[in-house]
Each structure stands twice: as structure tokens, then as C-alpha cells.
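Protein chains in written order, with the working numbering: chain A, -3 to 480; chain B, -3 to 480; chain C, -3 to 480; chain D, -3 to 480.
Since the hints were derived computationally from the structure, they do not count as laboratory data.
Treat the hints loosely; a few may be bogus.
Which copy is meant is left open, because identical chains are indistinguishable; a pair holds if it fits in one copy or across any two.
As a list, the in silico DSS-like pairs of lysine-lysine whose alpha-carbon atoms are at most 27 Å apart [stated by the list, open to error]: (1) K418 to K294; (2) K68 to K418; (3) K307 to K334.
All values derive from a computational prediction rather than experimental measurement.
Protein chains: 4
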Amino acid sequence: MASELPFKLNNKDIFRDNCLVNGEWVEAQSKKRFDVVDPGTGKIWATAPDNGPEDVDKTVEAAQAAFESYRKVNSRTRAQWLLKWDALIREHRDDIAKIVTYETGKPIAESQGELDYALGFTWWFAGEAERIQGTISTPAAPGRRVFTIKQPIGVAVALTPWNFPIAMILRKAGAALAAGCTMIVKPSPETPFSVLTLAYLALQAGFPPGVFNVLTTSLDNTPSLSEALCRHELVKKVTFTGSTRVGKLVAKICSDGLKKVTLELGGNCPFLIFEDADLEQAANGQACITANRVYVQKSIYEDFSKLIVQKTKGLVMGHGSEQKTTLGPVTTSRGLDKAESQVKDAVSNGGKLLLGNGQRTKDVGGYFFEPAIIGDANRDMLIANEETFAPVLALFPFDTEEEAVQRANDTSMGLASYYFTKNVDRTWRLFENLEAGMLGINTGNSSAAESPFGGIKESGYGKESGKDVAVNDAINSNSNFVFT
Amino acid sequence: MASELPFKLNNKDIFRDNCLVNGEWVEAQSKKRFDVVDPGTGKIWATAPDNGPEDVDKTVEAAQAAFESYRKVNSRTRAQWLLKWDALIREHRDDIAKIVTYETGKPIAESQGELDYALGFTWWFAGEAERIQGTISTPAAPGRRVFTIKQPIGVAVALTPWNFPIAMILRKAGAALAAGCTMIVKPSPETPFSVLTLAYLALQAGFPPGVFNVLTTSLDNTPSLSEALCRHELVKKVTFTGSTRVGKLVAKICSDGLKKVTLELGGNCPFLIFEDADLEQAANGQACITANRVYVQKSIYEDFSKLIVQKTKGLVMGHGSEQKTTLGPVTTSRGLDKAESQVKDAVSNGGKLLLGNGQRTKDVGGYFFEPAIIGDANRDMLIANEETFAPVLALFPFDTEEEAVQRANDTSMGLASYYFTKNVDRTWRLFENLEAGMLGINTGNSSAAESPFGGIKESGYGKESGKDVAVNDAINSNSNFVFT
Amino acid sequence: MASELPFKLNNKDIFRDNCLVNGEWVEAQSKKRFDVVDPGTGKIWATAPDNGPEDVDKTVEAAQAAFESYRKVNSRTRAQWLLKWDALIREHRDDIAKIVTYETGKPIAESQGELDYALGFTWWFAGEAERIQGTISTPAAPGRRVFTIKQPIGVAVALTPWNFPIAMILRKAGAALAAGCTMIVKPSPETPFSVLTLAYLALQAGFPPGVFNVLTTSLDNTPSLSEALCRHELVKKVTFTGSTRVGKLVAKICSDGLKKVTLELGGNCPFLIFEDADLEQAANGQACITANRVYVQKSIYEDFSKLIVQKTKGLVMGHGSEQKTTLGPVTTSRGLDKAESQVKDAVSNGGKLLLGNGQRTKDVGGYFFEPAIIGDANRDMLIANEETFAPVLALFPFDTEEEAVQRANDTSMGLASYYFTKNVDRTWRLFENLEAGMLGINTGNSSAAESPFGGIKESGYGKESGKDVAVNDAINSNSNFVFT
Amino acid sequence: MASELPFKLNNKDIFRDNCLVNGEWVEAQSKKRFDVVDPGTGKIWATAPDNGPEDVDKTVEAAQAAFESYRKVNSRTRAQWLLKWDALIREHRDDIAKIVTYETGKPIAESQGELDYALGFTWWFAGEAERIQGTISTPAAPGRRVFTIKQPIGVAVALTPWNFPIAMILRKAGAALAAGCTMIVKPSPETPFSVLTLAYLALQAGFPPGVFNVLTTSLDNTPSLSEALCRHELVKKVTFTGSTRVGKLVAKICSDGLKKVTLELGGNCPFLIFEDADLEQAANGQACITANRVYVQKSIYEDFSKLIVQKTKGLVMGHGSEQKTTLGPVTTSRGLDKAESQVKDAVSNGGKLLLGNGQRTKDVGGYFFEPAIIGDANRDMLIANEETFAPVLALFPFDTEEEAVQRANDTSMGLASYYFTKNVDRTWRLFENLEAGMLGINTGNSSAAESPFGGIKESGYGKESGKDVAVNDAINSNSNFVFT
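Using the sequences and the accompanying hints, generate a full structural model.
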């Protein structure tokens, strides 16, 4: 199989096109497979097992059997396996990055950047594994002591999207495996192979069979397979990253079994640029790739829009595998449809197209979209309320800080917000007034393994990294009384 | 109204028969009221507003308006209000206990005991309010600092049962008010007045209008009112104590709005008595009032069953308001039905009735049930699998520790387990092998404000007391990056 | 005795002129007494027992005997006593403030302010008492559990100065009593009566005899009494606030017995005013009372020195007991000598006297010093290197941030530093570059019970307030292994 | 040099006989060297630089210069260097163990065991480095936030003994290097080469020059060199392990400079064997090597003494480098003198010699002592009050638990205590009643990197391992206020 790949790997063994269940590489029971497309060419380049609900039982039972012994493995051993996994992934970083690029379209440098970011999680959780502590205290009732200990909850299921196929998995699996849980991952249909490389290396790292399992599936089978996983009696925890709509569904299904759920949902995160910001600092890193809603104070609106248009013009669009590419295709053709309709809607609502034509690039094979910047954006536009996974950025002028805060908060979401200012008083005010699970202050990037990751409001609940909190999310706390 | 009460209060003002919404004492919009019955006589002794879904909007909006300012109240002030509330409830302890007895049937000493236990929560959370801390750390990415701060989530709703009408409320409200949330309580139809005394005293203590609100309702309206509360857009957190069946429903309804949910569900908690236990210590405190499933090692089975029969015989059944009463009625007539059918089922499955006739006491007006002890109980009996809220206790003989653990864990529930042994090795083994959120070791009582309260498996999720954890449950954690 | 006081108290009982040892009010064994002078008039107004080394044994033994039972008192009871003590001190705030004013010369509003600040400690430590927790963890060695518990260390001795006679005691005693230690306080010879009011109220609050003891002494006997306390075999902890010179001596004496020592030593704390500061904010609160070394950026040096001269001119000098007084006398005549020599030295080293004549006020009886502001100060002046307890402020012009930081850090001390700037980048830089145990950012006040108090470098070690850290300072941590 | 070694190394490069200062291998300024003796033969086998006070300045200045940049190295990089160090030491474990055996006389398996134990520290502190967090809180004063951050204190000095030459260093250096401090180690004159292997590997691991430095010295120069290190103005922290007598001296010298001191001092740790213990478990591991004071309940005294005599007889005395050896020589000839006088004193005080003749082995070259067991020991014997570093064990019969506790606590020391019982009530009682920094319960070994290490009473202060506490010991905590 690997011999037909459209790219060359240093170590061909890491490319796996069957699933890992209980330490074995298996087909779906139905033997069906689904196609995976390169967004940079629009061509199918590999196929993966199309698992369905009938594949769930065997997998969960294997994960449960593995859990019974894995939970008793000393936490130092768990830490050592995590660290070995970390080392192996690090060793194969460039190979894995190539696969990510052919699955998602990302420029290769971005794929490598994702790997570097993602390795923060394996590294971090290796250190967390041995630091799970309980407490002893003396209650007011005489003659007693209270002991609180922490125990792993059981089999965890991870349902993940295509935008960060490696980082999502390592974040979720790092916490679960550190805590003593076993895991079943169902990756997005776009990105089965990147997670299968991780599975291969987890086995090499020493994790016993059944501790880390992967079930790939097609877009069609995703709902039924996911529901079967969420409903299985032996699954105790579900961690989902994706849309708010599906997140609610996952929560609902899990309510029947009273399973613990962690949800990392939609963002549509605002950027706020104040007149006392360092504009160069504000423009870097958000060049139309990551930010959609950018609120700019009127006194600097002209300067800032010129700067951002100029920076965006400097991007080089192309196939992600080419070194010079700094802007790849979007990952799915659905993404092109949405981006076109957002730009069209913005213009019809009074927006000015400062850059681009608002349309997909014609006749190029892949899913390319010409970067678009919309000026004079307002709250009636779709783009003010929806996430975009395409190079479309909207600039919203504002007058006062109060107005900016009000508009940034005017959404049911609350994943992250970003603001740029040099004034210390404003820094504190926004710190407390912006409604978001994460804030970036003079930076467009607010995530790392060392700090809690997670949104508020309809962006979900639960935390997936950071000191103590993420492993606790995969854990039961028991409290115990002693009377002597 | 208070002049017609069947008992005398030191301070008549604390008896309230209207609801508290936004600092005002109000009727239901429908003006309807429902009856409250004394389980010790079977007679109606008062009526309370029968609120419905149409009463929700106004209440939630008031709680949200109050939240906007209450969240900014300094935590020391919140602590002082909690402590003042604590002092006022303490001052009116005996009056409130009387009301609890007329609502639930509990002997007056038990009602007073509940008050003493419940006051642990107001006292404890007063100290927690000022100890909510965030963190600062330095991530691996250069030039950054990560700040994590904690903010109150918003309006919280408490749905509570009748078995501990005061303690449940103070546990839930203590955490929420300490954290800076506002709260709406919907008490059980059996116990509206006890929670209304707390509402009255909260106002006296200085909590601003809208911070603590109560909506009473009848059994019929409970589902629709509860659902309307859970679905309201401005409600951010629901904390429920009750049956597993209803808990799942609450979780499902809340999934639509992605609301945070804490569930304290059913128990049916096992007691394990080993041959190396102090039998007197083991028999005390569980005399058929609190324990249903008691597993006794065969070598001491005879001795222990004699001891427990003898202790149970010593109980004095009567109206809870009489000083000599040590066993009151059950709270609802449904409780009598269930107890009778459980005993009947047990006997038909091979159980021996060691005490009692397994039936309600005839012709006494109130909901009295003669205490029953079932010997030679086995896993096929209903009582091995269902909670009982009546004086029915079943003794299950066992041979080995492994067998005892297996049978104790053989339930979908996991609230609490209790074991009695003097051997230190066994103590550690059971400490880790019993599946329960709380363990009592050589004690039949495993709850205090200072330690986390909550079950695992189908007994729910979330923690409602203890250092840090309970206030955290009412809180969003935000993480924030600084780039300089 | 109290009938001869030069002021009137609401409750004469709180004025005590004998010492409290083991719950009894006692003279020194020698029967000697020493005089206490009102710095506002220079007249003796009361006398106190002049204890010597021979008074130590009995006191320490009483404290040790009390410790044996106090350590086992439930932490909730300790919390309740602390809270009752807090309430009683609060009730007598104005009476105690009067005594402080007659001991130290402080304006009455400042004395009351000290009481308010000091009550933060009793309040805070009441909450800390019940939150002392140990930990349970699972080590890498198989079959083990590690338990860490915390136990009170034993008898603690507090040696305190005159500048904050109430706050120092409540900070030290609050932590010790919360942790389960007993305490012996040796107050400064200037301020015996304020601490004796606290002792009286501690007894009223319910603390058992021997838990809180006070030994007053004269300036002459201070070294020998202090040394005897530090050397006593049963004393396990010494907490000292005072000069660096004496602090080193205390540490040296305690080294023989390997006693734990907390030292809060000299300050001479710098203020840094940057050109982007809010000058009004910067000038408030440091009006020559609290700050000695003020570094001002040259571009705003003129404006700021005018502002501070003008604000200082507005102060009203007088006896502290008069309501209109905003500047009292210094506490000791030694303070006058030092202040005169510092100003003289400053002028001879190129300083300009922008306000005052640099001398004590003649012929007024009390220890008054005309407020002095020295412009163009430089590092060769005594005032750049010594603490001052008189209204003398020196303004040091600077050019760059680097220079300001270098000069602020150019001292062996490291208690606190203060800076005023509105730029967020500078805020972070200084946050990490200034060498001090405490930093005030846009505030001249950086202390509260809720945050750790303590210096670095030669300003001492140990922390005396804050969550967890202060009680931990009065505690042994034991770690314990279990092998099953 | 290495070519003349009396043993063979896999990697000769790790044997270093010059000191490491600022990344360079240097002689003492005096060029003097001192001899190192093999305790198994009594022969000199190598020499090391005999540094004196004149060598201190250059070394401390280098460590301070290194500190200025090392403190700013990202904590992840510090963690990676620690982990690389850990891997390199692990790789050279057997070589280093050989050196330890030739320095200390330990059987090679014990030396390897020390390496395995010691590597727990490098591994552990790699994880600690990135987990140093500060806090943010909101104080009662309005408009403020309190930030507490933690910063490394500066140059740390480690003064270590010969009994665990590798473990002591890795424990002290692990914490310091994780926290961001630089370190100067002065090893014991018996064990210079084992620490120099660590220094060599620290350089290989990537630690910059000056971060880890070693100054070896002779017994004669030890006091003057140590004092010069403790007095140097740039040294901020001293961590000492050794005798209580010298520990007090270190504390006294450090008091002049107000340096932070951690002291791990003498032990003479008691073992308590109760009649309900598992005797086999109790006898294992303490076979006269590690325990001196063993308290045995009278009802099992006969059985236990037979068991321990029999187990001790099974030991094979010989040169540590021989595989079959299970009992090596003592490390110094002073140790022989002390052991002989202790046994003689015990017998003259009524002790029975149950095993051995109480004397050194004659005419064998090395420092061998025939294992001795003293029965019927009592409190008047020297061995009841002094540490022994030779195979001498004393059995003290006792009647009751109270008596055992009283005698175990009847010492000025408080490093560790050990007890063996199967009763859970007794377990809790002793847990709280024994006065020791560490307790072993049914185990004779109570130390691991994951738990705090340190004594109470005259066994010192400060903690040297465990989660958070050890790195905190090498750190200043700064608290900072923000007013907006």
C-alpha cells in the first residue's frame, strides 16, 4: 500500500491503513473502506477501513480489559511510556507532517508546526502522570480523618476533527493515558492516517495492546459509529472536539448513560485592536489565516487595514507540500461553499472587499480559495456569527472600548478572545470583561500544553491541558472517612 | 397563616408561605397553591404557591440581573454575608427543625441533627469564598506568561429532594453564593417551608434581592417547572439531587443548552462487616435507619444479626415532634408501598423476616412502617438493587473478602460504601477496590462540608463540598496568555 | 491604674498593665516596672512589668503545657476562637486605637486604620485553620502509598517592633494559633499596652490559658529576655520583626537550638515614578510618610516634586489624638536624632532642601519633626541606604528604566518596591527585574492578610500571611510511607 | 591517572580527579591534593584537589555569572537538561557504582541500589521544573489583584556526607537546577570522585559552564572551605547533610548573611515491632545494617531476636566489589572506634551480646566490623542516644504501646521512625504520636523522590524532595499588588 503513496517517507512503516484494536491491525467487519482526498489536488490518494456500529463492541471490550490492568500500572511506568511515545513521534515528525499536509492541505511548515505544538502534550502529560495526588484532612467531627484519592475513570472515547488531527489526539490521549484510562479514538474522515501513525508509535513505545485504539470511518458512518461508542455501557468518558451543534448531540446521547463529557466546540474568536496597540505585533500571525472577526479602533482603522491587506498579499498560495507555499487549500469542498457564501453575504450587507474576489480558485484541481479581506464589516453579516475555515477576514471598526467588548461578547460562543493594547489599565479591564475561556494579550496564539485549554458558554466545558486540571478530568475523586 | 400552624415557633416570622423572587414574597402567577401533609398524621397543615413554567422567566431574569452586580461584590463581603446567614440559621435552628419534622416526619432530634450538619456548609463556604485563586506560570514558548483566573459562571438552579431539605440547599447554595453565582431553588413538594425559612434568613443576612430565590411547586408541576428552568438561556448551571432516572433526564435537557450539570443520584449503599470488625461499632448508627444492604461475614453472622435485631427493637416509633421518638414515619405514602413490596419480594426469594411484619402500621393516620430486618438476603431480591426510604434492612451473608467486594460493587450505582474491619492490610485493599464516591471506614457516616461529596458510576458527577472543588464546580476557569 | 489614663476608654477593662502568663495577670518576678512615654507630649503616662530572663521558664512551660492540649483541639474550634477574637477586637477598635496613638504618636485615624488592616489577619487565619491538608500519593516503588500530614511545631515566640504594634501581633499570632501552636509575645518597650489589650480579648474569646502569653520588658532588658526566649529548649519557632542587625543576632542564637526562624527585617523601600505614570496616583499615599527613596524620571521630575511638596505642605502636624492631625510625632527621640543627621548629610552631599528645615520642632514637648523633602538626592547620601522612621523623603532623578531598576536594587535589602507606570510591557519587565519580596504596582501599599508578606535578600525569610504559606511556616510536614 | 585505578570502567572518561569550576577541570590554587582510601583494603587509590578558602571566590563568582543567564533559561530547557543528565547517569550506572564502592566500602549491589534510588531525583525534578506556579487572587481591598510569582534565589551550596554520595547530590542539585539556581557542591573527603562523575555528565547533558561546580577538599580543609562558602556574599542558600553538631555550626555561620539553610541532620531512628506485626516483614531489610534502635514488644521478643540473629548470620562480609559480599567494611576507621566503644558500653550497662564479639576484624587491611546484636538494651546505653555507622543493632524490650512511643520519642532527633503492626487503630495512633519527619509503616525504607524528605526537632529543617516543596525551598516567593 505504502508503495503507492504520492510522497516519500523516511520510514514507510509508520503509514498504516488498517485500524489498531487491541494491539492488532484490523479491517472493518464489513471489509468496506472509504476514500481520502488530497485537498491540494482533489484526488483520492488512499483508503481506510469504514467501521460501523458493529465494530464497537469488540473494541470497547478490549479497551476495558486493557483498563483493568493498565489502571494498576505504576504511574512512573505510564510516564516512561508517554515519554518514549513523545520521543518516537519527535523522531518521525517530518514524515507525520507530510501525511498531515496530504490530508488537510496545510503548508508543510504548518504541519510541522502542529507536530511541535502537539508534542508539547505528550511531554507535558508524562510529567503529570506521577503528580496525581489525593489529600488527607481532619474534619470537624472528632476522631476522624478524611482521605481523598483519585482513580482513573475507565475507557475514554475521543471524537476529533480534521483541523488539528495530531494535536487534538495527543492532547486528549496524553491526559487519558497519564491518568490511567484507556482510549478509543475516532478520527475525522479526512485525517485517518495521521492518527494511525500515532497508534503505531504508541505500540512501539510500549503501551500494552488495548490501551490506545483507533476506529476510522467515513463521513456517512460517523454519526452511527460515534453514537454506538457514546452509548456503550463500558465507556465512561467522551471527549469531543467539533461543532457546537454536534457537541450538544454528543452531550444528549451521553446523558442516558450519565457519562462524563468534555466538549471543545466552536469558536469564531474575536480580535480587538486598540489605538495604543503595536500594530505590527497585532498584524503578525493573524494574517487572514487564523482570525475571522477583527475589531479595529477607528483612529487606526485605515493604517491597520492597509497593513493587514499588505501582509496577506504576501502569502504564497499552493500545494502544501511545496516549501514556498504559505497558504494551502481549504480542507473540504464544503469549506469553499461556505466561504463564498459568507463573502457574498458580507458584500450584500455593506462590506467592502479590500482584497480578493471572494471566490474559489477555478480550474486548479484542489480546494483553493483566494484570500479575502472584508472592510466595514458589521454584526448583520454571517461572518460575524459563524466560524470560517477559509482565508476570509472581516474588519469591524469601533469607537470605544465598551463597544468593542460588547461586540466581542455578543455571541453564544466563548472559546478565545485576543486583544492588543499597551495600556496596563485597559489590560486588566479586558482581562475581566471579555467572555472567553482563553485570552491572548498582545498575541494571536493562546494555547500550550501547560495551560488549561477550553471554552465557556456554548464553546463547551471541561479542560484538556494544563497542570492538574486535564488529568483530573479523566479521573474520579473518591473521598473517604476514617473513624478510629 | 402562621397562626394556624400545628406547632409553636419562637420566631413566627421565619415561617413563609409565599415564594422569594428578587427579594419579594410572591404568589404563583396562577395564584394556585398545593397542600403540604404531615407524614406523622397524614393531615394537610399548610399550602404553598404552585408555580409553573410561566413563573420562570421573571425569576431567572431577576437572578441574572442580580448576578451582574453580585459577581463583582468583593469575596470578603460574600464571606461575611454567608457567615451572617450561618449565624441566623444557627439562631433559629430549633424552629427550623420543627418545620422539617412536620414536612418529613423525622424525629425532632434528627431534624436538629440535620441542621447542625447543614450549618457545616454555610460555615465552610464562608471560608472558601476568599480562597478562590488563579495561577501564573511561564510556558515553554519564550516571552510569555500564562494567567489563569476563575470567574463565577452565572445563574445556578438547584433541584432538591425531601430527605435532607436543609442540608441539600445549604450545600448547593453555599458553594454557589461563595463563588459569586446567584441561585434559584426548586424544593421538593413535601418540603417547601424549610427552604423558605432559609430564603427569609438569607435576605436578613444581607444578600441582595435576586441572589437567592425560591420557586415552590406541586408534584404535578415539578416536571414542567424544572424543565423550564433547565432550558432557560440565562441559566448556566443546574445542580440536582434525586433519582438516577430523573438525573438522566435533567442531563439530557441541559445538553441542549450545554449547561454545566452536577448530579447527586441514587445510592443503595452497601455495608461490609468483616469478622475482625468491632461489632458494636459496626451495629451503631446503622440500626435499620440508614443502611439497606448489609453484607456480613459468615463467622460472625449469627452474632451480628442478633445485635442488630436487638438494637432495632430498642427504637421508639412515634410522631417526630415527640421527644421520645427515635423512629418517625416515612415521608410519603409511596414509600410505604415500596417498602411493603420489597419485604414481600424478599420473603418470596428465600429471605427470613428476623424482625417486623413487613407492613405499614394500620389505623394510625400517619405513614408508619414497622421496622423490618431480613436475614439470608440474596442478590435476586429487589432490595439488593433498589433504594429504600423506609426502615427495612437486609443482611447478606458472605464467605470471603473477594466475594464481599464483588457483591458490593455489583450495581450501577456508586455513591458510598461502608466497611468495618480492624486489619490494616484489608483497610488499604478495600480502600482501592470498592467502587464508590465515598467510603466510610469503621463509620456509618461519611459526609462533612470539608470533604468532597459525590458519587461515581450512575450515582452522578460533580462534587458538592470540600476544599476548592465545590466552588470550582460553580466557576469558569479562564486561561490567558501574555506576550511582551 | 486605668483611672489615671490621659484618655477615656469605652471599656476600661481592656487596659491591662500586667502581663498575661498562663491565663493570669502577673508582675515580673523582680517586681520592677518600666515607663511608657507619650511621644506627642514626651511625658510618662503608664508603667509596665519589666520582665527579665528569670521570667522565661515559667512562661514557656505554661505555653508548652497548653500546647499539649491545644494541638489536639479540633481546627474548627480554633477557627471559632479566632473569629470570636476578631469580633471582640473589632468591637473595641476605637479604644485600642487610642492606646496605639498614645504609645506610638500616630494620628488616631492611622491607628484606627492599623486596626482595620490588622483585623484582616484574625479574619483570614480563622479561615486558614480548617484548611491545613496533607497529601496521599502513590510512589514508583510498588505496593506503597505516601501520606504527608502537617502538625503544629510547638511553642512559638514573637518579638515585635513598635511601628505596627497591633498588626504585627495579629499577623504572627493569627498564623500560629490557627496552626495549633501556642505563643509568647514580647512586644516593643514603647507599645506594651496595645498587645495586652489583645491578650485580654484572646482570653475572653475562649483561648485556653497558656495559649497566648505576653511578656513586656524595658529597652534595657530586651536583649537578655529575648535571648532567653530564643534559647529555651521548648521554644520551637521564633518570629521576629525588626532591624536586619538584630535579625541576624536572632538567627544566630536560634542556630544553637536549630529552631525555625521567620524574619521580617529592614526595608528602605524604593518608589519608582515613570514618565508614563499617573502622577496624582503616584503622589497620593506616599506623601513623605511612608516612602523615603523616591526615584523620579527626569522628564517629570519638576512636576512631580512640586506636586509632592504641595501635598506634604497640606499635612497638619499635632498630637495624634486630635482629629485634625494628619502628621504625628515620631515614636522615639532616637528617631529625631537619626532624621536630623540624615537631612544634614543629604544637604552636605548636594541635596536641595525642597521643604522643611531638617530639624526637630523645638519647645513642644513631643518628638515632632518638621517634614523634609530633599531634591536631587544621590546614592552617596545616608538616606539612600538607611531606613528612616520620620517624615523625610528624598527625590532621586533618573534617566532610563535600566538605571532606575539598577538603583532600586542596589541595596542589601529586598522588602518591597513600588512602581508607577501605565505601560504594560514595562509593567512585566519590572515585575521580574525588581528585587523585592513585595511589589506595589501603581499603589503605595502592598500588604494584606490574603497575600504572602515577607522580604528577600537581607530583608529576611519566611512568610507571614497569605493562603497556606503562613500556617505552613508554623507547621512540621511529616511524610509517611505505607507498605502493604 | 585513570589508568592506575584498581578497577576497570566501561567509560574511563567519567573518572575525573580535578574539580569542575565554570566548566573547566581545575586544580586547587595551592596545587595540593589529598588521598582517598579504599575502606575494603585500607589503601590509598587516588588523590583529589585539596581546595581551601582561597578557591572560593572564583567559584562563587562563576556560579553567580552563570545564574544571571541560567535563571532566564526556559523551564522546559532546564527540564530537558535534567532528563538528559538522568539518561547519562543511567547509562553509566555500573561504572559510577564501582567508584562508590571503592570510596565507601558498600557492596556493589548496594552502590547500584543507591544509583537507582538517586536517579529518582533527576527524573523527578525534570518534571518539577516546569510546574513552578504563582498565584493570582483578588484581595478584600477594592480594585486590586495580588500576583505571587516564584523566582530562583541564586547560588546554592551543597555540603554533603559520604554515606550516600550520589543520592545526596542528585537530591540537592535536582531541586536547585530545576528551580533555576546554580550550585557548588563540596563533597565529603571520602567521596570526591563519585560526585565528579556527576559533574562530568552534567556538562555532557548541556548544563552551561558554572551551573554545576564541584570543590573537593581534605578533612583538614573542610571546615575552612565550608565556612568560606557559607559566608560568601553571593551565596544565597546552603543545603547541608551531616551531623547535628556541624549542622548547628552551618546555621550559625549562615545567620550572619541571613542565608536560607536546609539541614538534614542526624537520625538514630527507632524501629517499633508490635506483637501483631508480621515478624518476617519486620525483620527483612533492617538486618543490622540500617537500624540501630529496635523496640520489640515483650510477647514476641524471643521470637524476633532469634529471627534477626539468624538473618544477620546469613550476611557475607567482604570487599564491596565482590559479587557475593552482602556486608562491606565501614567507611572510616573512626567508625570502627565508635562501634567498639558502643558495644563495650552496652555490655557494661547490662546488654547481652547476642551476636558478634563487638570488635573490628583484625589483620584484614580494610575497616571491617563483625556484626553485633545487643539484647536487653536500655536507655542508659550510648547506642540509645547516638547514631552508628557500623553493623551494630540493639534490641529494646517493651511492654505497652505508650512505653514504646515514649521511648521512641525520647531523643532530640526526629528524622524517621518505623513501626510494624497490622492493627488499623494502632496505625492511626502511631501515625500521629511518633515525633519524626518521616514514618515507615510496615517498611524499613521511607524515602523516595516523590515524597518530602526531611527531619524535625534537631534532625533539621527544610525539605529536599517531593512535589512542589523541594523546588520551593530553592525559591523566593514574591507577592505583588496591582492597583488599577
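These are the hints, each one checked on the structure:
1. K418 to K294: both (17 Å within a copy, 22 Å between copies)
2. K68 to K418: Between copies only: 24 Å across chains, 51 Å inside a chain, cut-off 27 Å.
3. K307 to K334: within (24 Å within a copy, 64 Å between copies)
Consistency with the previously given hints is maintained throughout, with no hint failing.
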